[in-house]
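Visitor: Each chain, letter by letter, is given below.
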Amino acid sequence: MAMNRIRFPNLLKHIHSECRRVIRLLPMLPDGGLSAADAAFVEAHLAGCDACRREAQAFLGLGELLRQETAPDADLPTGAQAAAWILDRGDRTTGRRGDRAKALLSPRLLVPALAVLAGVAWLLFRPVAHSPRRPVAAWSVARIAGAPTVGADRIHSTGRLQVGQWLETDAASRARLSVADIGQVDVEPNTRIRLVETRPNEHRLHLARGAMEARVSAPPHLFFVETPSAVAVDMGCAYTLQVDDLGRSLLRVTLGWVAFVLNGRESIVPAGAACATRPGIGPGTPYFEDAPAALRKALARLDFEQGGAPALAVVLAEADLPDTLTLWHLLARVPEGLRGQVYDRLTELVTPPTGVSRDGVLRLDPGMLDRWKSAIEETW
Amino acid sequence: MMETVLPTVLSDDEAMRGVAAGDSAALAALFDRHKTRLFGFLYHLVGDRDTAEDLVGETFLRVYRARWRYRAGTGFTPWLFAIARNLALGELRHRSVVSRAYQRLTQESASEEDTWDMGRQEARDRVRDALARLPEEQRSALLLKEYHQLDYREIGQVLGCSEAAARARTYRGRIALREALRDWWHTE
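Sequence order for the protein chains is W and G. Quick note: the first sequence, position 311, residue 311 per my numbering, numbers continuous. Converting from the second sequence to my numbering requires adding 380 to each position, the first position being numbered 1.
Hints listed in this document are in silico derivations from the structure and should not be mistaken for laboratory results. Hints should not be assumed to be uniformly reliable.
Stated by the list, open to error - Simulated DEER-style distance windows between Cβ atoms:
#1 G:G470 to W:D244: 25 to 35 angstroms
#2 G:D563 to W:D88: 46 to 56 angstroms
#3 G:A401 to W:E348: 52 to 62 angstroms
#4 W:L369 to G:A446: 38 to 48 angstroms
#5 G:G453 to W:A332: 25 to 35 angstroms
#6 G:T416 to W:D181: 29 to 39 angstroms
#7 G:S391 to W:D344: 43 to 53 angstroms
#8 W:G33 to G:G470: 24 to 34 angstroms
The C-beta atom is built at its ideal place from N, Cα and C for all residues, glycine as well.
One chain only, chain W, in its complex shape (with noise of 0.2 angstroms):
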């Protein structure tokens, strides 16, 4: 039930260009957020246009309207009471650390706790041979639901996944990865997916076919997951990653940002946003999820079926504000004849910061590039 679109798709096919640049400003009202050029520019045409400032009052009033939406009385408990039940529960399962520390310290645990730091101290200092072997790299699995497999072994609850090794799910079978302790990955039915390596600064997985939920909660580039088509760089994130039969692969971003690469081809997904890949291609241009249908399509047909022009100029008619995510990625990957169509309608959305000039943009000047990009960001 949930609203995709969030755009302005009825009102913006019929109103004139002015209107067209005031509308996008209009949600940006409530915060006084706008430029002292964008205001004075929103200020002349709303004097001058009824339904634009209709529009602006509107966005002007959603807040107030928002806040007479209250939620029904709650009957929730007092403060005491609340701290009763949270120190009843809370001290059940963590206690405080000063207590703890005190328990220790007691006699009952004092003796044994020594002769435990004995033990570890004989293990770690014994006159022994250097092991030949280190120990294999492994993470733990978990079943959730059918058999799944590593190598040729039945998963019943837990197990490892050692460096090198397959896990495999059928189509009733679930696994959850542990990734080193930074996070966890959800293996989906009828999933095949391989522990390249996993050590300090560097866990990677292959993802050969399947589907895949990751949530990753750690520095950017740590995680890393290959599929045949692509590379997903996490970023710090939550993320789904599918692989099809023929090795094309969908990236759809729930938190944070991704990064897909591919031999230097590089696409930047924020949550919210896709991107598909194509085995020989790479990854194609992201996109966010509630875009149109139409731009959808032909930025598909760009990317991988050589559309061409008459594919670009469908995705330049329908994009919207946000979609300069895909509109900036485009600026290097469409030909150069058509590269100045793209920064037009950019500028349309975004006006580019103070040092950036379209010559330098059209000739993908990198410190333009990026300059604007983090203006653009914004509206990611």
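Using the hints provided, position chain G relative to the given structure of chain W.
Guide: Just chain G, lined up with the frame of chain W:
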């Protein structure tokens, strides 16, 4: 846990220091201070009064268990709302109540018709209906901005995204809400 009489109104950071030091009165004060607005936020996320009430208690239980991890100066309200939102999302996932939430909201508002002025009731129903249909991130961003008056940095903390992304989600939420209400809500 000790309990002290709070002589003055503690800031949230001071109260959290008290909670970490074992002061149950500080915990009670925090609960009393935030429970109503927290309930409002949770109610609009899960669409169910009983669940929202349960989640208020659960949120503060998590606050208590995480009391050592709270860092003063980083903003208690966004931290609290982030915990609450994570719990609400977990609840929605586990019970698959996303669609049921919408139904409940509709039923609940219908059952209240006798007690409300019809015009105002219609406004409430329509806004509630439109809100319930928004994608969760837009709904949360809008509620935190318009209802709870958080700034974009704080909204970003709650949603786990950048300040710019929080601004963009609010922007999209406003457009979505405006579009959803367009046929009904006209300004002169």
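Visitor: Does each hint hold? Answer for all of them.
Guide: Verification of the supplied hints:
no., hint, verdict
1, G:G470 to W:D244: 25 to 35 angstroms, "holds (30 angstroms)"
2, G:D563 to W:D88: 46 to 56 angstroms, "holds (51 angstroms)"
3, G:A401 to W:E348: 52 to 62 angstroms, "holds (57 angstroms)"
4, W:L369 to G:A446: 38 to 48 angstroms, "holds (41 angstroms)"
5, G:G453 to W:A332: 25 to 35 angstroms, "violated (41 angstroms)"
6, G:T416 to W:D181: 29 to 39 angstroms, "holds (37 angstroms)"
7, G:S391 to W:D344: 43 to 53 angstroms, "holds (52 angstroms)"
8, W:G33 to G:G470: 24 to 34 angstroms, "holds (33 angstroms)"
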